[in-house]
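Trainee: Protein chains in written order, with our numbering: chain A, 174 to 1101; chain B, 954 to 1222.
Hints are computed from structural coordinates only; laboratory data are not their basis. If you're wondering where the values come from, they're calculated on a predicted model, not measured in any experiment. Hints are not guaranteed to be accurate.
Said to hold, decoys possible - DEER-style ranges, computed between Cβ atoms:
1. B:P1174 x A:D347: 55 to 63 Å
2. A:P241 x B:P1174: 45 to 53 Å
3. A:G463 x B:A1074: 23 to 31 Å
4. B:P1174 x A:E245: 46 to 54 Å
5. B:P1174 x A:D854: 32 to 40 Å
6. B:T1182 x A:A428: 35 to 43 Å
Cβ atoms here follow ideal geometry from the backbone N, Cα and C, with glycine treated the same way.
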Amino acid sequence: MWRRCAVVFEPADPPRAGRLAFWSPDGGPPPDDVPGDGGELTVAVPDGAGVTVSTVAARRLPVGTALPLLAEAGAQADAHPAAAFWSAAADVALHLVARGRLLPGVSPAGFDAWRVGPLDADDVGRIGALGAAMPGWARAVPVPDVGGVRLPAAYPLLRAFLDAVADDLPRDRDADGTAYAGRAPRRVDGLRDWAAELAAGVDAGVRVSLRLEVPGGDPAAGPWQAVVQVHGLADPGLVADVAPVWAGAAAGFDARAPQDVVLAVRRAARVWEPLRRLLSGPVPDRMVLGDDEVAELVDGAARRLAAAGVAVRWPREVERDVSVRALVGAGSGGSGAAGGRVFGAGALLSFDWQVALRGEPLTAAELEVLAAARRPVVRLRDRWVLVAPEVVARAREGSLPAVAAVDGLAAVLSGSTVVGGEPVEVVADGWLARLRERLATPDSATPDGAGPDAGVAVPAGLTATLRDYQVRGLRWLVRMTSLGLGACLADDMGLGKTVTLIALHLHRQADPATAGPTLVVCPATLLGNWEREVRRFAPGVEVSRFHGPDRSLEAVTGGFVLTTYATMRLDAARLARFGWALVVADEAQHVKNAGSLSARALRLVAGGAGARVALTGTPVENNLDELWAILDWATPGLLGPRTVFRRRWADPVESGDEAAARGLARLVGPFLLRRRKSDPDVVPELPAKTQTDRPVALSVEQVALYEAVVREALARLPDTAGMARRGAVVSLLTALKQICNHPAQYLKEDEPVLAGRSGKLELLDELVDAIVAGGGAVLVFTQYVAMGRLLRRHLRGRGFGCELLHGGTSLPRRQELVDRFQAGAVPVFVLSLKAAGTGLNLTRADHVVHFDRWWNPAVEDQATDRAYRIGQTRPVQVHRLVAEGTVEDRIAAMLSAKRELADAVLHSGAAALTELSDAELAELVVLR
Amino acid sequence: MSGDRVRGFPAFGRGGRRVRQFAASWWGRAWVRAMEETALDAEQLRKGRRYAYTGHVGSITVSPGRLAAPVYGDDGATYTTVVHVERLADAGWERLADEVAGSAGYLAALLDGEVPHDLVAAAGDAGVRLLPDLGDLQPECDCADFEFPCRHAAALCYQASWLLDADPFVLLLLRGRGRAELLAGLRRRGAAGSPATAPPEPAADGPVGVDAVAAYAGGLPALPVPPPTVAADPAGGVVFPAAPGVDPEILRRAVTAAAGRAAALRDRR
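All chains should be modelled from the sequences, with the hints used to inform the complete structure.
Mentor: Now the structure itself:
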């Protein structure tokens, strides 16, 4: 077994010609199964207290051939220490080569040679540690022609081996004759300049560092000195003072080193000007530093030098671990944390400087010593301590003006603030520190109900069972609003933000301090949805719309008042005068432009409100301006003025500053709760399929058309019978459904303007915006191909990728469209239901919109199941758009009331409705 | 060091640098001024400037006391144009080297591509004129023009100022010494004039290797922990510049292949 042999490395030139020699440590011949060429080897082996030199039989392998053996040996227990060592060395070499750490050069004999490099600090440490562990057996061949028996020094021999591996592995059998690629040695003397240029600054040349010295080890005694030290790049362990390098007496530094040193010092002087003095004499070896210069170094010059590659080493005699932090809220307002609105308008927090030595805050007496300091070195706690002038200044300053509570909170949460243009670390203690902990963990209550928010129970008046994540959302909202802080609930659409908010309203009614009416501002398309959900989940709670010409607040005593952004703009002052206990901005991305009228009106309206909550289904954290607008409404002042926010956070974050990104995340994290449908703790709670009716109001134009058509038909119907009557009823129903969809569909307009004319289309836009912003995909079903075309045109016009599939689509084209949608090429897919035969698998969709109603729920389900089938990994949400007060709204109720009619409709569709009496028909279609 | 004493620069070619002032550096401007103030005919300077901008000057050869290039005239002929510069005597070089050696900043500036004002002034005080003065540039051209300097010599001088901008050692070469020669001279007087020493061998401070008994006395130290597993990533290295006869692409491929082989070998452990 070769592993039991001792092994030595014999370097060569070119390095790849180096060989490993295997020999038996007992002096006998190596075992027969050891590969390689037989020969002799002179070795020195231990013999009692001395060594004996003898010639033994050996087998030699070129380094390239030996590599696989060495690589496999690993740290096997039966390996000879020398075999184990070279195996470990091979691993270090392979680790370097695998990372591409290879440099081409010219060997001393003039051959094309690769070597390992550049080496980073870890590499250098690893090679150094390995070299220190090289046993005598691994280098047993005595150095020739020296007095006594001497073995090769470990480090150079190890380095030669690493370079031999590096020189072997890039070679290719097929590339013989090509320098640096073929195995045969090639003379490349002409490339020495190129190789030197390539190596310069990479693994040749020098860098300098500064060692600061205090005379006699007493920092108080006399002026300090800066001593230049020279480091070799080729061997980062190589360090020397300047004088021996100049004299040519420093081992490892060549004749070029002084030039490199003066250049390096000159460049360092560009970073810190006083170093220019080093260059005024013949040898840039050391300079005396004034106290002011030491102070400058402490105050940031050393940091700038280090960033420029010039490390500054401080004297061991002085302590430097002095930190200055801003301490927020010490001793103030502790009692207020229990439940009061400590962050309400006008609340202040104290703001003090805290100086710490090795993390321990200084006492008042120590601060006095510091404040009296006239030199950068101060005696504190029996040590000499190096303090920056800035530290002394802050020790003198003591405390800063108190800050607005919300500013202080922002500083504590982000862990930093800016004082006089400089970033300062911020800490809190006492109740504020506890609060930060609490805020930093949104779901602080454990699932079993323990934790600081355990007292928040689901309100009794809520006729819904909240899912666990909704309970967590409720607790979070309660906590934030009870502290006087705003909140932005940004859960994915479909996770139940509305019901959570209704629960919050109910919870607040239990405490007289927070009870009172809640104002919900939302897009007009969502008024109906809010009203239905409040009635459904909080029966008995008043809900009214502040909307339309007869709007009034006079009858409002509590419960929910719903209004739209447009109405709120008109009546902002009136709404602001009303004392809202809670103001909710739904789809709060509508106020993302902080300068808009809506945004300004919303600020005004919420000015005197007890609490504010923003709801949004779009990922606001991706757009920092939007994030600012929403959070600055919810918690005014938290993020600072817009321009300051941009400079301090948005610009750095957008240009990739990760520290800024982390600071911002810490700051906004507590105020923003966003759960995604795909979150692991949300998914299990979601039903695979959720159906939601989305009531929408007709536009003024739709109302006029609808009423005209109904009036005319009802006037004519009593005079018809038989086939004529059936035809009239069917065409009436068709006309009404088309009007509910869009006036342009009913009027068969050629190039219609679509926006602003249909409540359904407005809601669809809201839905598509939110779905696509969250990375989702949606199927939109309509029974009318004409409507499908209008939708496709409209959605494309708004910049969404959209395809349309209908009965006239050819089979190959169908497959192509389906593939495009499934591949994510388009997020919106409009389908005319008659076309959606079997075989369509559209599992990429996580939302389904039924733009118009089907008389037959089974058909609707079949359409929905296009998205919800095998392969679907996400919950599917179904939105049924229902025009309020129209035939669409009433047909469902009528069908469930009249079982036999329902069955008839199930079998024969709308034709069954032709059997209704005139009165029944009127009941069904008249707009309410 | 004769190789150090002749430097060739490829032709600048057409177009490119049109700036208000011809040279960017103060020493380059001093050079241009020395030529312009000698000129008798501003028209020749104007034409020379145009020649310099429009690539009428071929590759320039710089050697001690001499600046030479072929200049292509508007008439289609090629002229051999030379500008002579006075060389410093050996004694002058010694005094200049004394000045440079006395203040490490001078050498640092030169290596950084700058001519320090202080150095020129100090050398001047020691009687060494580094920058050419009025009449120091002596043109010589095989054209038939009588003007002094002719447009060809003027063009050459203008372009030479660009060379000076980029590398002050061109000026020193014109004055008589190459960069390597100068640096070697400085080394000789480095460290307060101590005699030159050959670059030290690592062994200079003791016998080669370590005593064999001591080497074995270390026993069998535990091997350090092996380096972490890494995926082959040839991008960890440096970008190789091209060299005569070496295709950087071949080097890059060799590194990639080596990284793959090394990662595969480590996988077998």
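Trainee: Run through the hints listed earlier and report the numbers of any the structure violates, in increasing order.
Mentor: Going through the list in order, the structure violates hints 1, 2, 4, 5 and respects the others.
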